[in-house]
Amino acid sequence: MRRKLQLVMSGTIIGGMPLASVAESGFIEDSTATLQLRNYYFMRDFSDIQGRNQQSKAEEWAQGFILNFKSGYTPGPVGFGLDVLGLMGVKLDSNSDRTNTGLLPVHDDGKAASEYGRLGLTLKARFSSTELRYGEQTPNLPILAHTDNRLLPQTYRGTTLISREIPGLTLQAGWLNTAVMRNSTDHQKMTALIINDPINPRRLAYATGDHYNYIGGDYSFNSNRTTLSFWQGQLEDIYQQRFYGIKHALPLGAWTLSSDIGYFTATEDGHSKVGNLDNQLAYGLFSAKYKGHTFHVGYQGVYGD
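Count along the sequence shown from 1, then add 229; that gives the number in the numbering used here.
Accuracy of the hints is not assured; some may be wrong.
[Claimed, not checked] Derived lysine-lysine pairs resembling DSSO-like cross-links, with alpha carbons at most 30 Å apart:
| # | residue 1 | residue 2 |
| --- | --- | --- |
| 1 | Lys476 | Lys418 |
| 2 | Lys418 | Lys340 |
| 3 | Lys299 | Lys418 |
| 4 | Lys286 | Lys353 |
| 5 | Lys299 | Lys340 |
[Unchecked claim] For each label pair, taking beta carbons as the anchor points, the in silico distance ranges come out as:
| # | residue 1 | residue 2 | range |
| --- | --- | --- | --- |
| 6 | Gln283 | Val307 | 53 to 59 Å |
| 7 | His477 | Gly339 | 40 to 46 Å |
| 8 | Asn451 | Phe524 | 20 to 26 Å |
| 9 | Ser285 | Asp338 | 17 to 23 Å |
| 10 | Phe524 | Ile444 | 21 to 27 Å |
| 11 | Leu264 | Ile444 | 30 to 36 Å |
| 12 | Gln509 | Phe450 | 26 to 32 Å |
| 13 | Leu486 | Lys340 | 51 to 57 Å |
| 14 | Leu296 | Ser358 | 27 to 33 Å |
| 15 | Asp338 | Gly305 | 42 to 48 Å |
The hints are simulated quantities; they were obtained by calculation from the structure and are not laboratory data. Only a predicted model underlies this, so the values are computations on that prediction, with no experimental measurement involved. Heads up, the beta-carbon is just placed ideally off N, CA and C, and yes, glycines get one too.
I would like the entire structure built from these sequences, with the hints used as guidance.
Rendered as structure tokens:
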């Protein structure tokens with residue numbers, strides 16, 4: 230039997246930081262800061278599926294601190310700003326025979342770090358309804374999302390662009406070249422872990438790409454009840470991915486009927502470092518909402534090689 234237990238307690242302190250002397254600039258006036266305290270206990274028992282002399286349990290307890298400061302913009306046709314993400318994790322309980330929970334880094338001697346942390350800076354510029362950002366990124370897109378299911382979030386570093394110049398249309402593009410894992414402080418190359426071995430399906434193909442590019446957008450219309458989406462991403466020399474989606478909400482008296490339908494495709498790219506890829510994923514989620522109650526029914530299918 231494989232058992233898994235995780236307990237998370239978090240609290241957030243939110244504060245604005247107005248300074249009267251420069252409030253008119255907007256850089257400070259529109260700034261916000263949050264401090265999240267995240268207490269995390271994780272236990273996974275896999276003694277029945279591991280061989281002799283291998284770790285049979287992962288169990289650790291840690292405290293995390295997540296500081297998120299977002300500035301406003303300087304005045305003028307082009308406004309400039311700075312965002313700061315401060316992350317720190319502290320070990321509360323661990324042992325060398327039960328590490329690798331994803332909460333804490335592990336040293337070469339097999340012991341978890343007592344503490345770890347990093348500081349991420351993001352420079353940003355805004356013109357009209359278009360924003361350009363360079364530095365630490367936490368994307369949450371159909372084709373790429375940062376992982377935030379442990380003590381500290383995963384982040385990426387690169388350049389992103391978001392434009393909302395046309396009503397209802399949001400366009401985005403990005404170029405990311407490194408990533409920091411959720412229990413690490415080091416920037417690493419973009420890495421793919423892809424199962425692509427029909428003879429030994431347990432084998433993970435491990436490969437790195439110099440950068441990940443993406444472009445896409447969402448268009449909402451019909452009083453924002455309908456949204457069309459298209460996204461394309463490329464991890465250089467590894468894979469290309471596309472996403473097509475449609476969401477629709479239909480009010481019927483006290484009821485609201487909603488649908489969320491999406492389709493992913495993935496193929497190899499460039500030098501095909503993990504071999505040939507050809508797979509598709511389709512899903513549909515349909516819901517009926519009545520007052521405070523929502524009923525869901527969904528389907529997901531994976532096809533290809």
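Handout entry: Assessment of proposed distance window 20 to 26 Å (beta carbons of Asn451, Phe524)
Key = holds, 23 Å
Exercise for the section: Mind checking the hinted window 42 to 48 Å against the Cβ distance between Asp338 and Gly305? Expected result: The hinted range 42 to 48 Å is violated for Asp338 and Gly305, with Cβ atoms some 54 Å apart.
Problem - Agreement of Lys299 and Lys340 with the hint, judged by alpha carbon distance not exceeding 30 Å - result: This hinted pair is violated, its Cα atoms lying about 35 Å apart.
Practice task
Note whether the CB distance of Gln509 and Phe450 lies within 26 to 32 Å or breaks it.
Solution key: Given range 26 to 32 Å: holds, Cβ gap about 27 Å.
Problem - Satisfaction of the hinted span 40 to 46 Å by the C-beta atoms belonging to His477 and Gly339 - result: violated, 53 Å
Practice task
For the pair we were handed, Lys286 and Lys353, check the Cα-Cα distance against 30 Å.
Solution key: violated, 44 Å
Exercise for the section: Given the hint of 30 to 36 Å, check if Leu264 and Ile444 actually sit that far apart at their C-beta atoms. Expected result: With Cβ atoms ~34 Å apart, the hint holds.
Problem - Range agreement (Cβ of Asp338 with Cβ of Ser285, hint 17 to 23 Å) - result: holds, 20 Å
Handout entry: Proposed proximity, Lys418 with Lys476 (alpha carbon, max 30 Å)
Key = With a Cα-Cα distance of about 34 Å, the restraint between Lys476 and Lys418 is violated, given a limit of 30 Å.
Problem - Range hint compliance [Cβ, Leu296 to Ser358, 27 to 33 Å] - result: Taking Cβ atoms as reference, Leu296 and Ser358 lie about 28 Å apart, which means the hint holds.
Practice task
Take the C-alpha atoms of Lys299 and Lys418, compute the straight-line distance between them, and say whether it is at most 30 Å.
Solution key: holds, 27 Å
Handout entry: Supplied distance hint 21 to 27 Å, evaluated on CB atoms of Phe524 and Ile444
Key = About 36 Å separates the Cβ atoms of Phe524 and Ile444, which means 21 to 27 Å is violated.
When each numbered hint is compared with the structure, violations occur for hints 1, 4, 5, 7, 10 and 15.
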